[in-house]
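A.B. asks: Produce the entire structure from the sequences given, and follow the hints as far as they go.
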Amino acid sequence: MPSLGADMEAGTVLEWRVQPGDTVHRGDIVAVVDTEKSTIEVEVFEDGVVEELLAAPGDELPVGAPLARIAAAPAAPAPDRRPARAPAGTPRRKHAEAKPARTGTPRRTRPAARRSPAEAARSRAAPRAPRPPGAAPVRASPLARRRAAERHVDLADIAGSGPGGAVVAADLDRAPSDGERAPGTPSEAAEPGTPAAADEEREDRQAAMRHAIGALMARSAREIPHYHLATTIDLSAALTWLTAANERRSVAERLLPGALLLKATARAAIEVPAVNGFWVDDAFQAAPAVHLGVAVALRGGGLIAPALHDADRLTLDELMSALRDLVGRARAGRLRSSEMSDPTLTVTNLGEQGVEEVHGVIYAPQVALVGFGRVTDQPWASQGMLGVRPTVRATLAADHRVSDGLVGARFLNALDHLLQSPEDL
Amino acid sequence: MNADETRTLLARLLRGIAPEVDLDTVDPGAPLQEEAELDSMDFLNLVNALYDETGIEIPERDYPRIATVEGFVGYVSALSTTA
Numbered sequence: 001m002p003s004l005g006a007d008m009e010a011g012t013v014l015e016w017r018v019q020p021g022d023t024v025h026r027g028d029i030v031a032v033v034d035t036e037k038s039t040i041e042v043e044v045f046e047d048g049v050v051e052e053l054l055a056a057p058g059d060e061l062p063v064g065a066p067l068a069r070i071a072a073a074p075a076a077p078a079p080d081r082r083p084a085r086a087p088a089g090t091p092r093r094k095h096a097e098a099k100p101a102r103t104g105t106p107r108r109t110r111p112a113a114r115r116s117p118a119e120a121a122r123s124r125a126a127p128r129a130p131r132p133p134g135a136a137p138v139r140a141s142p143l144a145r146r147r148a149a150e151r152h153v154d155l156a157d158i159a160g161s162g163p164g165g166a167v168v169a170a171d172l173d174r175a176p177s178d179g180e181r182a183p184g185t186p187s188e189a190a191e192p193g194t195p196a197a198a199d200e201e202r203e204d205r206q207a208a209m210r211h212a213i214g215a216l217m218a219r220s221a222r223e224i225p226h227y228h229l230a231t232t233i234d235l236s237a238a239l240t241w242l243t244a245a246n247e248r249r250s251v252a253e254r255l256l257p258g259a260l261l262l263k264a265t266a267r268a269a270i271e272v273p274a275v276n277g278f279w280v281d282d283a284f285q286a287a288p289a290v291h292l293g294v295a296v297a298l299r300g301g302g303l304i305a306p307a308l309h310d311a312d313r314l315t316l317d318e319l320m321s322a323l324r325d326l327v328g329r330a331r332a333g334r335l336r337s338s339e340m341s342d343p344t345l346t347v348t349n350l351g352e353q354g355v356e357e358v359h360g361v362i363y364a365p366q367v368a369l370v371g372f373g374r375v376t377d378q379p380w381a382s383q384g385m386l387g388v389r390p391t392v393r394a395t396l397a398a399d400h401r402v403s404d405g406l407v408g409a410r411f412l413n414a415l416d417h418l419l420q421s422p423e424d425l
Numbered sequence: 426m427n428a429d430e431t432r433t434l435l436a437r438l439l440r441g442i443a444p445e446v447d448l449d450t451v452d453p454g455a456p457l458q459e460e461a462e463l464d465s466m467d468f469l470n471l472v473n474a475l476y477d478e479t480g481i482e483i484p485e486r487d488y489p490r491i492a493t494v495e496g497f498v499g500y501v502s503a504l505s506t507t508a
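Residue numbers (our numbering), protein chains in the order written: chain A, 1 to 425; chain B, 426 to 508.
Source of the hints: derived by calculation from the structure; they are not laboratory data. Quick reminder that beta carbons are idealized off the backbone N, C-alpha and C, glycines included. It is possible that part of the hints are untrue.
Stated by the list, open to error - On the chain A side, residues computed to face chain B include the following (Cβ under 10 Å):
| hint | residue |
| --- | --- |
| 1 | THR243 |
| 2 | GLU247 |
| 3 | SER250 |
| 4 | VAL296 |
| 5 | ARG299 |
| 6 | GLY328 |
C.D. replies: As structure tokens, then:
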């Protein structure tokens, strides 16, 4: 079970897209997993042949538990059996390498998905107790698990009304707590598939997402010594260029100002690498690429920040098209695992909501967060003249363990500078 | 398209972008982006969907004229009857 974001503790397998015997290649989608925040398509990080699926649809597994065994392609030499390994550069946590106990298999096994720095940091912060051996897993929504723990109710005693008989939070509300169990209590369950059940599921999802965001942000606020900087950037050059560029473009090719801001942010992160990477095992790991986490507000509440991969290397047109695709899939609940685990620096653009600036909380284990506010016309003095210019407040929240205000200021200055030459972005 | 047909079209396009919004409850004179909580990406997708359905391409400089339901219906139905 890959970590699909630092706030994820467990995931539920919804569907397999491969079967034993199938040949898979790096990047193929092998499974669909449900988390507190979204439904995610899980990509495989190795080439090979699927040997065995270790989880069935409906199973909920902690992050780090194996989903499947993948053997190296048959043509490859078969070395001595070795422990599943993390890719180079990724810190390993022994306790989370929950390999299946299996003997006599001559081929080496590999985890179906790599461990990301986000995952390593998360599992370090909150080591999980292993499931007692022999205990049959009970299907339950994350919210139901939390409520059950709070009320000291054993999930195995609850009749589930969710998909596949899974226990949902509403089932717990009908269940007596703390030893006054009455197995014959008539159920007033909303029938699955009715509008009431759909509403319940939506509320469940929203409560689960709020919990996931809250848990991660509480940890960030507790552990990361934030510092905050802000500057006002003149956007007249960028917006004039954009208006002219869009005049020549068809509707489908039009650029949004947000694409320019993202591109400039990614380029500035190349110039000031101390904002781009992870804090893992008491040290900063600079990221080798810039994968911008783009904060997307979801309809009905909640927030998700999937990665726009290699944002610094995309042309503006490529970036815009990738952004449209990413936002569309984020809202439709069809993100991929690499998009959830990869962001190296997150950008939040709250200008659409009308605020002028945002003082963000960093998404641990990332080390900085860039915020943009609303574009507003402001009086602007330039070369001894006073004029009115469209401006934006750009802010940086950064981790003092990694950088100081001087470095952060250099980042915001680079951002400003890049936005003055939009034709070069 | 007359005004009613344009309004029906807008309701359909909007369902693809903001399924929970009921056009009947939207104040026709108020900014649609605020009423339906559309961000700039949603609005671009709306303009794009209109183009895909009707071939009508609204230039960016005319965005303020289609910012309300009233404005959208008036602008699009006028264009499609003269075309």
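A.B. asks: Each hint: holds or not?
C.D. replies: Right, here's what the structure says about each hint:
1. THR243: holds (7 Å)
2. GLU247: GLU247(A) check passes; min Cβ-Cβ to chain B is 7 Å, inside 10 Å.
3. SER250: With a minimum Cβ separation of about 7 Å from chain B (threshold 10 Å), the hint on SER250(A) holds.
4. VAL296: OK, holds: VAL296(A) within 10 Å of chain B, min 9 Å.
5. ARG299: The hint holds - ARG299(A) has a Cβ within 10 Å of chain B, the shortest such distance being about 6 Å.
6. GLY328: holds (8 Å)
Of the numbered hints listed earlier, not one is contradicted by the structure.
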